[in-house]
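Colleague: Protein chains in written order, with the working numbering: chain A, 1 to 344; chain B, 1 to 267.
Simulated from the structure, these hints should not be mistaken for lab results. Built from N, CA and C at the ideal position, the CB exists for glycine as well. Among the hints, a few may not be true.
[Claimed, not checked] Estimated spans, in silico, between C-beta atoms of each pair:
(1) B/Asn202 with A/Leu12: 40 to 48 Å
(2) A/Leu12 with B/Thr249: 32 to 40 Å
(3) A/Lys62 with B/Ile160: 36 to 44 Å
(4) B/Phe210 with A/Asp99: 51 to 59 Å
(5) A/Ala155 with B/Leu177: 22 to 30 Å
(6) B/Ala224 with A/Lys314: 51 to 59 Å
(7) A/Tyr39 with B/Gln247: 37 to 45 Å
(8) B/Thr249 with A/Ser142: 49 to 57 Å
[To be verified] Take a look, some chain A residues computed to stay more than 10 Å from chain B by CB distance:
(9) Pro16
(10) Ala105
(11) Thr202
(12) Val223
As a plain string of letters, each chain reads:
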Amino acid sequence: MASNDQTEYTNLSTAPDLDQKTLNKMAWRSCFLQASFNYERMQAAGWLYSILPGLEKIHTDKDDLATAMTHNMEFFNIHPFLVTFAMGLVLSMEQKKIDIPTIRAVRVSLMGPLGGIGDALFWMTLVPISAGICSNMAIGGSIFGPILFLIIFNAVQFALRFGLMNWSYKMGMDALDSLMASMKAFTRAASILGVFVVGCLTVAMGPTQINAVIPNGTTESYVAHTVTLPTEEVDGMLDMVYADPSAAEPTALVSADGISAGVNDLGNGYAEVTYMEKVTSPVNISIANILDSICPKLVPLSIVMLLYYLFSKKNFTPMKGIVLVLIIGILGAGPFGLWPSIWG
Amino acid sequence: MEYSALQVILVFIVTFIAAIDQFSFLESLYQPIVTGMVIGLILGDVQTGLIVGGTYQLMTIGNMPIGGAQPPNAVIGGIMATVIAISLGLEPNIAVATAIPFSLLGQYGVTLIFTLMSPLMSVADKYAAEANPEGIERINYLSMTLLGLVFGIVVTLFFIGGATMGQAVVDAIPLWLSNGLSAAGGMMRFVGFAILLKFMMNRDMWGFYFLGFGLALVVTNTAALATPALLILALIGFGIAYWDYQQRTQLGGSAPARFDGGEEDGI
Numbered sequence: 001m002a003s004n005d006q007t008e009y010t011n012l013s014t015a016p017d018l019d020q021k022t023l024n025k026m027a028w029r030s031c032f033l034q035a036s037f038n039y040e041r042m043q044a045a046g047w048l049y050s051i052l053p054g055l056e057k058i059h060t061d062k063d064d065l066a067t068a069m070t071h072n073m074e075f076f077n078i079h080p081f082l083v084t085f086a087m088g089l090v091l092s093m094e095q096k097k098i099d100i101p102t103i104r105a106v107r108v109s110l111m112g113p114l115g116g117i118g119d120a121l122f123w124m125t126l127v128p129i130s131a132g133i134c135s136n137m138a139i140g141g142s143i144f145g146p147i148l149f150l151i152i153f154n155a156v157q158f159a160l161r162f163g164l165m166n167w168s169y170k171m172g173m174d175a176l177d178s179l180m181a182s183m184k185a186f187t188r189a190a191s192i193l194g195v196f197v198v199g200c201l202t203v204a205m206g207p208t209q210i211n212a213v214i215p216n217g218t219t220e221s222y223v224a225h226t227v228t229l230p231t232e233e234v235d236g237m238l239d240m241v242y243a244d245p246s247a248a249e250p251t252a253l254v255s256a257d258g259i260s261a262g263v264n265d266l267g268n269g270y271a272e273v274t275y276m277e278k279v280t281s282p283v284n285i286s287i288a289n290i291l292d293s294i295c296p297k298l299v300p301l302s303i304v305m306l307l308y309y310l311f312s313k314k315n316f317t318p319m320k321g322i323v324l325v326l327i328i329g330i331l332g333a334g335p336f337g338l339w340p341s342i343w344g
Numbered sequence: 001m002e003y004s005a006l007q008v009i010l011v012f013i014v015t016f017i018a019a020i021d022q023f024s025f026l027e028s029l030y031q032p033i034v035t036g037m038v039i040g041l042i043l044g045d046v047q048t049g050l051i052v053g054g055t056y057q058l059m060t061i062g063n064m065p066i067g068g069a070q071p072p073n074a075v076i077g078g079i080m081a082t083v084i085a086i087s088l089g090l091e092p093n094i095a096v097a098t099a100i101p102f103s104l105l106g107q108y109g110v111t112l113i114f115t116l117m118s119p120l121m122s123v124a125d126k127y128a129a130e131a132n133p134e135g136i137e138r139i140n141y142l143s144m145t146l147l148g149l150v151f152g153i154v155v156t157l158f159f160i161g162g163a164t165m166g167q168a169v170v171d172a173i174p175l176w177l178s179n180g181l182s183a184a185g186g187m188m189r190f191v192g193f194a195i196l197l198k199f200m201m202n203r204d205m206w207g208f209y210f211l212g213f214g215l216a217l218v219v220t221n222t223a224a225l226a227t228p229a230l231l232i233l234a235l236i237g238f239g240i241a242y243w244d245y246q247q248r249t250q251l252g253g254s255a256p257a258r259f260d261g262g263e264e265d266g267i
């Protein structure tokens, strides 16, 4: 009976190399790493399922196979898209019949760093960029949005799965060092691109704007009219032509669109008079104009900053953030008609 | 809106596959942008499906299983948002906001399934000790089928019940509420952006966020560049990130040496 305490295999001779067909089969099986995900062992059973074809080829002795399967059923959790890297390494060690505590140590040590690098690569860079661009296409009604997304995402995913499988199996232990050496720089670069893209998305996909207007009293302006009338009637209209008709040199009124008032004697007893009519109109302050003159997309930026603060400093869960946004949206719309909607 | 038996079966199958796909297989078929289109196709309104799927996708961009966290379930949320938008004729933003309770329900469902699956591991241990590969394979196939069935049944029930119950609810929604839901639906994506920032941000990263924000303002306000804006911006961002990577790997080691050399030369 195999147990987790075993430290060595009974057959210690190095097994023959795994053929390409077996490596490909395992890379394909790695897609089902999380098939039986659970909170106790996480991906353990899926991990074992993925490397089984290799283990069966390596451990021809049934007791050794039981030992290998048992220690590979231990708790395991790694980034699902980078798992083949760990698979190649572990299989190269299994093949060399390295002692079980060492294999276990390497397997466990891969969980942390690969998780971070995978999150940076997939969830923070590839998905925001590809889904961001493709969602825009889909919202615009293009059926190529979803299709393009699937192509980009899966091309990267399978290139990584098959590439890492072969690479790490062939490199054996050396691969770990080569990855560790530049991993920090790689994670940082991926984060830079991710942060940069989120900045872009805040603008490109932030339609939220406060469209409220504030009434700010009224304004008076002049609208020009032109009439032709007998010269003797002109005197009666002078106060609609000049600002101060009794002055020695009266100034003509000017309409809102730039026409000046004036009297043009036609010489046949008639005069053409351009006079002004006073119009009172309400003045509104547009909040949107003011905000845009400070910086366009200020509202999306402020909401993202507020949510970032709540998530990172106040330990808000995503669900709390969603509820908060719902509340802001409904309060802004003036619940029960208590106030006018600010969303315009 | 009445559904044919074929439509109900197709929705069940799509949900079954998407539920499995959210953790295994391609891990991309389940994304709302894809399910939105497929459900739209089944219900005969691809256009609405695309718009709702795209809108929901933007909200979930940051709601990914980062660090193993369990986000509001995008499978149930995305499918229900599309179903609601098409069958009740709701505006996409409102449909997305209305589907949120469903996604929360899905999140609880997943947590429950992950807990209930734990005892299965002792069975797997037994198969391992017996060197029984078929047993291990069976456990994985069984788990996936269970997950697919639970999701499929739940969504199908909502799907059948939702259409008849939903219309009465929609008719009762006052204007302020639909305005508010629509505004909130448009803002949901900021939750996604903020979560992404939480995981990526540290003190030296802020500059890159505002760099992206500022450049995007310029590019999106240039009429000729507005359509390919995100692609252009992604290229710029890639250039910056790649340059930083080079600085820290190839050049990183040699930079101090060159600096010392410069001092010796009296420069």
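Colleague: Enumerate the violated hints, using their earlier numbering and listing them in ascending order.
Modeller: Hints 3, 5, 6, 8 and 11 not satisfied by this model.
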